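Since chain A is already given, all that's left is putting chain B on it; use the hints.
Which chain is which? The protein sequence lines are A and B, in order. Each residue of the first sequence is one higher than the one before, counting from 1 in this note's numbering. Each residue of the second sequence is one higher than the one before, counting from 1 in this note's numbering.
Everything labelled a hint here was simulated from the structure, so no lab data went into it. Note that the structure is a prediction, hence the values are computed from the model and not measured. Please note that a few of the clues may not be correct.
[Said to hold, decoys possible] Chain B is faced by these chain A residues, among others (derived, beta-carbon under 10 Å):
1. V157
2. S180
3. T194
For every residue, glycine included, the Cβ atom is placed at its ideal position computed from N, Cα and C.
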Amino acid sequence: MEGSSRYGRQIAFKGVGEDGQARLSRARAAVIGVGALGTAIANSLARAGFGFVRLVDPDRVELGNLQRQALFDEDDAAAGSFKAEAAAARLSRINSTVVLEPIVARVDASNVDAVIGDVDVVLDGTDNFESRYLVNDACRRRRLPWIYGGVLGDSGVSMNVLPDGPCLRCLMPEAPEPGSYETTAEAGVLNQITAIIASIESAEAMKIVIGSPRVRRTLASISLWDASFHLLEVARAPSCPLCGPSANVRR
Amino acid sequence: MKVEARLFATLREGRGKVLGIELPEGATVADLAARLTIGRKDIAILLVGGRDAALDKPLSDGDVVSIFPPVGGG
Chain A
1 MEGSSRYGRQ IAFKGVGEDG QARLSRARAA VIGVGALGTA IANSLARAGF GFVRLVDPDR
61 VELGNLQRQA LFDEDDAAAG SFKAEAAAAR LSRINSTVVL EPIVARVDAS NVDAVIGDVD
121 VVLDGTDNFE SRYLVNDACR RRRLPWIYGG VLGDSGVSMN VLPDGPCLRC LMPEAPEPGS
181 YETTAEAGVL NQITAIIASI ESAEAMKIVI GSPRVRRTLA SISLWDASFH LLEVARAPSC
241 PLCGPSANVR R
Chain B
1 MKVEARLFAT LREGRGKVLG IELPEGATVA DLAARLTIGR KDIAILLVGG RDAALDKPLS
61 DGDVVSIFPP VGGG
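Only chain A is shown next, with the shape it has when bound in the complex (with noise of 0.2 Å):
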């Protein structure tokens, strides 16, 4: 069969094999933005053969994006393509057993519901907290796992929100305002730790679809430039309003 030959060291692997392989060409997620985080996440889930990968991304192509958001190239930039088409475009060249939906919109209110309603997984490729508590308040309400994921300078964090671990709002019970924190125009960032965090979601990705009892439960941290790496334990907080005592009677 065609999946043998094109997943083979995938399936090899102990992790995955052949059951994990079909769990994963049944498999539907939603990556939220389609840059540096994005557009690798896309280019994971696509070759490692999930059935299904919806791109939602408002944003065209500019140069400036080349030096880290690796599916799209100096035309894509010059036509000022949009970002979710583009890499649809281009992933469906390198899978296209792989139904890929680009949209192009910003998530808000309006659609998160809709864009997270019929997937397995959620996958943060935003560059804002707006779109993330957006995002992690919708999957709270239908106990749909996501993974967070930022990068700043040389380094990232990221973190499964799964339905009975902590979520975003118990580690930070507000987001930060928008213009309150730096920004990757404002500190940089290296295209090695938006490979690497972008990595780290796919794989939790692959783990959570497949249904592995191996899917992280910490906070990972990583800084590039001064080679550190660390997981943090972390708890839902009582205090949190989605997670904590006071939102169970709520609900």
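What follows is chain B alone, placed relative to chain A:
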């Protein structure tokens, strides 16, 4: 009392990764942040012993305080 501050991402610049800090009894996380010249807006994830904490949380000898800035790029 002495606490351990573990700084992450851009908060390490000019400060270091892991710092042992002497504080007077009754000091809070806010006092620790002030000692490290970390402003309120530069604090996103704040964990004391792995649990989310508020800035007014009183610290105890030996506490491990992990502080992340908002890491929001994508």
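Against the structure, the hints:
The beta carbon of A/V157 is positioned within 10 Å of a beta carbon in chain B (closest approach about 5 Å), and the interface hint is therefore held. The closest approach between the C-beta of A/S180 and any C-beta of chain B is roughly 5 Å, which is under the 10 Å cut-off, so the hint is satisfied. About 8 Å separates the beta-carbon of A/T194 from the nearest beta-carbon of chain B, less than 10 Å, and the hint is met.
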